[in-house]
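Chain order of the listed sequences is G and F.
In terms of the working numbering, the first sequence opens at residue 1 and continues consecutively.
In terms of the working numbering, the second sequence opens at residue 1 and continues consecutively.
If you are wondering where the hints come from, they were derived from the structure by calculation, not from laboratory data.
Backbone N, C-alpha and C fix where the C-beta goes; we use that ideal spot for every residue, glycine too.
Do not rely on the hints blindly, as some may be mistaken.
As the list claims (entries may be wrong) - Pulled a few chain G residues facing chain F out of the computed Cβ check, cut under 7 Å: (1) S61; (2) S79; (3) G117.
Stated by the list, open to error - Counterexamples of contact, computed for chain F against chain G with all Cβ distances above 10 Å: (4) H25; (5) V167; (6) H196; (7) I204.
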Amino acid sequence: MSESKLSPLLGSRDIVLHLWPKHKDLLSFDPASVAALLYLQLALPGHFSVAYCANPDLSPSGQLPFLTQGLYHASGLSSIIAFVRRHPNARNLDAGLSPLETAQLTARIAHVDSCYGDLVNHMLYSLQENWIDVTRPALISMLPVPQRYYVPARIRESHKARLEAVELWDVPEVEEEEPEEQRRVVFGKRRKHRPDPEAHHFKKTFNREQVVERARALFDVYDRMLGDDRFFMGNEWPTTLDVLFAAHSHVLLDLQLPDPLVTSALTSYPRLVAHCRSVLSTAFPPNSPFPPTHQQGWLSSLRCLIPWPRTPTSHRSNHAALEGSPEAREIERRYKLWRWGFIAGSLLVSAAYVLYAVSIVLVKDGDVVARIGADDAPDDDDESEEEEDEVGGEGEPEAEADADAAAEE
Amino acid sequence: MASPFALSLPQPLRHFFNLFPLYTHPVIDSPDKARPVTSPTLWISPPFSPDADVLSSDVECLKWQAYLALRGLSDVAVRWDVAVDGALDNRLPNLHVPLKTLPGASPDVKQQDDGEGELLPAHLIPEWVDGQVGGSDALEGYASEAARDESRAWVSLLEGNVHAALVLHQPTSTSFLSLLSPYQNKPRPLEAVVSHPPAPLFGISSLLPLYGTHVNVDAIEQQYKEAISSLSERLGTDKWFLGSSSPTALDALVFAYLHCILHSKEHTLRFEVTRRVNLVAWERRVQSQVRGAFRPVEVVRQP
Chain G
1 MSESKLSPLL
11 GSRDIVLHLW
21 PKHKDLLSFD
31 PASVAALLYL
41 QLALPGHFSV
51 AYCANPDLSP
61 SGQLPFLTQG
71 LYHASGLSSI
81 IAFVRRHPNA
91 RNLDAGLSPL
101 ETAQLTARIA
111 HVDSCYGDLV
121 NHMLYSLQEN
131 WIDVTRPALI
141 SMLPVPQRYY
151 VPARIRESHK
161 ARLEAVELWD
171 VPEVEEEEPE
181 EQRRVVFGKR
191 RKHRPDPEAH
201 HFKKTFNREQ
211 VVERARALFD
221 VYDRMLGDDR
231 FFMGNEWPTT
241 LDVLFAAHSH
251 VLLDLQLPDP
261 LVTSALTSYP
271 RLVAHCRSVL
281 STAFPPNSPF
291 PPTHQQGWLS
301 SLRCLIPWPR
311 TPTSHRSNHA
321 ALEGSPEARE
331 IERRYKLWRW
341 GFIAGSLLVS
351 AAYVLYAVSI
361 VLVKDGDVVA
371 RIGADDAPDD
381 DDESEEEEDE
391 VGGEGEPEAE
401 ADADAAAEE
Chain F
1 MASPFALSLP
11 QPLRHFFNLF
21 PLYTHPVIDS
31 PDKARPVTSP
41 TLWISPPFSP
51 DADVLSSDVE
61 CLKWQAYLAL
71 RGLSDVAVRW
81 DVAVDGALDN
91 RLPNLHVPLK
101 TLPGASPDVK
111 QQDDGEGELL
121 PAHLIPEWVD
131 GQVGGSDALE
141 GYASEAARDE
151 SRAWVSLLEG
161 NVHAALVLHQ
171 PTSTSFLSLL
181 SPYQNKPRPL
191 EAVVSHPPAP
201 LFGISSLLPL
211 YGTHVNVDAI
221 EQQYKEAISS
231 LSERLGTDKW
241 FLGSSSPTAL
251 DALVFAYLHC
261 ILHSKEHTLR
271 FEVTRRVNLV
281 AWERRVQSQV
291 RGAFRPVEVV
301 RQP
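Excised from the complex, chain G in its bound form (with noise of 0.2 Å):
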């Protein structure tokens, strides 16, 4: 949850949703940005503002999406919808269901977010083609320079360990590059075919077939529950269910992949494609403006590369969220005029305790050229003669005049 226990009274009130970029025509690039997104919209519309950044470690859990108002922060969906729930001017999207319904609507939530959330991982990071001809182009263009060599691969290793577990990851642990026929000649020798070191390594095989049936299985139920209705539960209003479903199928069905696995099989099924629509238009009616968005500036891209540890409970808002707001301003104006009345304040005290306090006597080959400070100044302890030399050739001369006086004696 990590939200902040402060009252909301400090700091601004606006509500600003940090997402995954847009990227074409996807909403976000992360079925979870885009739920949020929606679920804001619906509940909240006109009361909140968009930044898309594409840093998931301006989160306080490391994840985006986020969401911050003032000081509170809400970090991954299920707080975000928590949070929102609890708004006073919030639109309860799961009112007029009963409690049974209610606690089945959890479930079918937990459902769709595992088990979609899983098959729209595979199609987005597992399968070669989609990641090098699309995912990894979009996370780059999102990335600045530093990060973008390396951060991609990253988050594609993160994926590795649920789709693994699930029986959804299929790279391949050696690049493919070499065909056969081209093999290398080593000092005249052909360089012998190493055999598949996968053979002897027990790996389940992977079956795209299996993948296709597994989507199938879980389109089934969601289509004789959706029946005719224009949405789950048969409301008017889209709940819950309906902006989580609709956010994995958006993603799926308006990113142009070159290898469609799952969203062939969601296309068989027009009912959940014409559901998807509904939700987003109901979302976004054609003549509604879209929220106010701001694009984040990497202000913080190499501090990022500083290996920090997260503090588990952290009530400091994202920096640009305070910026916009008049009374930050105004603080931030005091705090400079403060800040440069302290440093004007002291180097005029300095130079007033140079030019009363002290005399500085300038000294060219051996004369006293002129004196600044206080004239009467006696001949006292006080007193702290400097010797300034001219800047550029006198030193020499003076050194030799120096030199010559010291031989004298």
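Here the structure of chain G is known, so what remains is to put chain F in place on it, guided by the hints.
Chain F only, in chain G's frame:
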């Protein structure tokens, strides 16, 4: 060798080889002898209190134990002296069955049974049980198709949210010996259970290689609480989950999770379940039924 064209060893070479005679070592008697398997034996990880209980402490093993018991099998032996590395795919539970109970075996194979039996991994257990007590219908024991679809949702709720909370609060052994010993029952890591990959400990863009996970503990606990409250709401006062007339696989799964939660050392987990009286009462009732189907195998040590 008997062919007239075979080459024979020349005499000097034979004398030389006679200096190195072949010596056959006597048979070594090992103290561990495999006893012939006469009744189906389930290999599980050890129970919470090995002297007093036969129910395993691991959720996976307990799930299959409950499945066997609730499908109507009885007098199944259990043993917990097999280490995890000795199991198929390094995952317990395994079911060791005599050959004559295998549904797909031919009669010749069944006759040649010398007590070795067949070791089945966990995913083949339902097929075996179907062979024993008769196959289940297309609805898998649920009241209707809608109930069966709903059961998929409950399964993923339990295996996702509730399992994540259990894995998070599992006590990690910190003794020096456990660091040295290579055989440890490694629990399923958290990254495989949570649906969104957790962030690495120092951030994804740091210069250090990825290490550790920054787990969103509050989110997991909040999802767990919602899961338990919706579970309790759905059970209501029914005898079996989703209003089925007879126990199903979902009941076995729910029982396994509830039993492990109630025996866990973590106070917050246990409290959520003990607050719900109907869940506690249900678990107690099913526990006695499950326990009655198993008997522990006496481990006999050969002198």
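>> Tell me the numbers of any earlier hints that the structure contravenes, in ascending order.
In response: Structure breaks hints 6, 7.
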